[in-house]
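Enquirer: Full structure from sequences and hints, please.
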Amino acid sequence: MTPWNGAAPPADPPITAAGWLRIAWRGAVLGIVTFGCLGLLLLVRLVERPIFGWHRPVTPFITQFVCRMAFVILGIRYRVQGRQMRARGAVVANHASWLDIFTLNARKRVYFVSKAEVASWPGIGWLARATGTLFINRDRREAKAHANLFEERLKAGHKLLFFPEGTSTDGRRVLPFKTTLFAAFLTPGLRDILHIQPVTVVYTAPSGQHPAFYGWWGEMGFGAHLLKVLAAKPQGGVEVIYHTPLRVADFPDRKALAKACEEAVRSALPG
1 MTPWNGAAPP
11 ADPPITAAGW
21 LRIAWRGAVL
31 GIVTFGCLGL
41 LLLVRLVERP
51 IFGWHRPVTP
61 FITQFVCRMA
71 FVILGIRYRV
81 QGRQMRARGA
91 VVANHASWLD
101 IFTLNARKRV
111 YFVSKAEVAS
121 WPGIGWLARA
131 TGTLFINRDR
141 REAKAHANLF
151 EERLKAGHKL
161 LFFPEGTSTD
171 GRRVLPFKTT
181 LFAAFLTPGL
191 RDILHIQPVT
201 VVYTAPSGQH
211 PAFYGWWGEM
221 GFGAHLLKVL
231 AAKPQGGVEV
241 IYHTPLRVAD
251 FPDRKALAKA
261 CEEAVRSALP
271 G
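The numbering of the sequence shown is the UniProt record's numbering, which starts it at 1 and goes up by one.
Among these hints, one or two may not hold up.
Using 20 Å as the maximum straight-line C-alpha spacing, the simulated SDA-like pairs for lysine to any residue come out as follows [claimed, not checked]:
#1 Lys233 <-> His210
#2 Lys178 <-> Arg141
#3 Lys255 <-> Arg141
#4 Lys228 <-> Ala18
#5 Lys159 <-> Asp192
#6 Lys255 <-> Thr180
#7 Lys178 <-> Leu269
#8 Lys159 <-> Pro60
#9 Lys155 <-> Arg86
#10 Lys259 <-> Tyr242
#11 Lys159 <-> Gln84
#12 Lys233 <-> Gln84
#13 Lys144 <-> Asp253
#14 Lys108 <-> Val58
#15 Lys115 <-> Glu219
#16 Lys228 <-> Arg86
#17 Lys233 <-> Ile23
#18 Lys159 <-> Ala116
#19 Lys108 <-> Gly132
#20 Lys115 <-> Phe135
#21 Lys255 <-> Gly237
#22 Lys108 <-> Leu127
#23 Lys255 <-> Lys155
#24 Lys115 <-> Leu149
#25 Lys115 <-> Glu152
#26 Lys228 <-> Val202
#27 Lys115 <-> Ile136
#28 Lys159 <-> Leu127
#29 Lys159 <-> Gly189
For the record, the hints were derived by calculation from the structure and aren't laboratory data. None of these values were measured; they are calculated from a predicted model.
Expert: What follows is the structure, given as structure tokens:
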């Protein structure tokens, strides 16, 4: 998937001595919490998997704890609007940053649908696999295989979450939604039992910083962006807006369903 390069990235603010101290202690604490809980999750999964299979009654709470603690450790304000969907189905959201993983997991137990290459990324790939991420190749020829995977996971009660833009942006816009994956929700085995909840993620930059401070897109390096976020003081905030779930059976095809989701997500993005 080609990364979005529609805006020039902002210049990174210089990291002061105090900033490096924040990087050291925030990074250490975040690493201990993340990988310590990852070890706990894997131990619990050894018991959970043979007993419950795809059903995960315990480990998602560990993931949520880590994601909530990340915002406490980083000092980023976190707010939520709207109600989380209780019905069986999937979640779609705009994509602005690697922080989206923490943002969207912190309040709702979801399982990400991600491009296959993420599984091989150091660190992030390990975390993604451990937390039940579903890896796919975004290829129309694999639509039937995707539908079978989605059906298995959705019928197990999983809330699958995917980013229909197909790439991350600067967080200040919503790109046209790609419709391919929506076809999987319109199969006979899923169409009449599923809802899709659109979600808008809105980041607010720290005072005095570029509005796209938290955005991570194009060819931006992960390491440099992580250091910038760890060093920031003051921090900004993030707001997660849950929209009214859409009943899949109410839409004639994947294009209509994707358009309705895209309009809902875009409606809550400032400007």
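Enquirer: Now tell me if each hint is right for this structure.
Expert: The hints, checked one at a time:
no.: 1; hint: Lys233 <-> His210; in the structure: holds (14 Å)
no.: 2; hint: Lys178 <-> Arg141; in the structure: holds (15 Å)
no.: 3; hint: Lys255 <-> Arg141; in the structure: holds (17 Å)
no.: 4; hint: Lys228 <-> Ala18; in the structure: holds (13 Å)
no.: 5; hint: Lys159 <-> Asp192; in the structure: holds (16 Å)
no.: 6; hint: Lys255 <-> Thr180; in the structure: holds (9 Å)
no.: 7; hint: Lys178 <-> Leu269; in the structure: holds (19 Å)
no.: 8; hint: Lys159 <-> Pro60; in the structure: holds (11 Å)
no.: 9; hint: Lys155 <-> Arg86; in the structure: holds (14 Å)
no.: 10; hint: Lys259 <-> Tyr242; in the structure: holds (17 Å)
no.: 11; hint: Lys159 <-> Gln84; in the structure: holds (11 Å)
no.: 12; hint: Lys233 <-> Gln84; in the structure: violated (31 Å)
no.: 13; hint: Lys144 <-> Asp253; in the structure: holds (16 Å)
no.: 14; hint: Lys108 <-> Val58; in the structure: holds (14 Å)
no.: 15; hint: Lys115 <-> Glu219; in the structure: holds (17 Å)
no.: 16; hint: Lys228 <-> Arg86; in the structure: violated (36 Å)
no.: 17; hint: Lys233 <-> Ile23; in the structure: holds (11 Å)
no.: 18; hint: Lys159 <-> Ala116; in the structure: holds (19 Å)
no.: 19; hint: Lys108 <-> Gly132; in the structure: holds (14 Å)
no.: 20; hint: Lys115 <-> Phe135; in the structure: holds (6 Å)
no.: 21; hint: Lys255 <-> Gly237; in the structure: violated (33 Å)
no.: 22; hint: Lys108 <-> Leu127; in the structure: holds (17 Å)
no.: 23; hint: Lys255 <-> Lys155; in the structure: violated (24 Å)
no.: 24; hint: Lys115 <-> Leu149; in the structure: holds (14 Å)
no.: 25; hint: Lys115 <-> Glu152; in the structure: holds (19 Å)
no.: 26; hint: Lys228 <-> Val202; in the structure: holds (19 Å)
no.: 27; hint: Lys115 <-> Ile136; in the structure: holds (5 Å)
no.: 28; hint: Lys159 <-> Leu127; in the structure: holds (18 Å)
no.: 29; hint: Lys159 <-> Gly189; in the structure: holds (16 Å)
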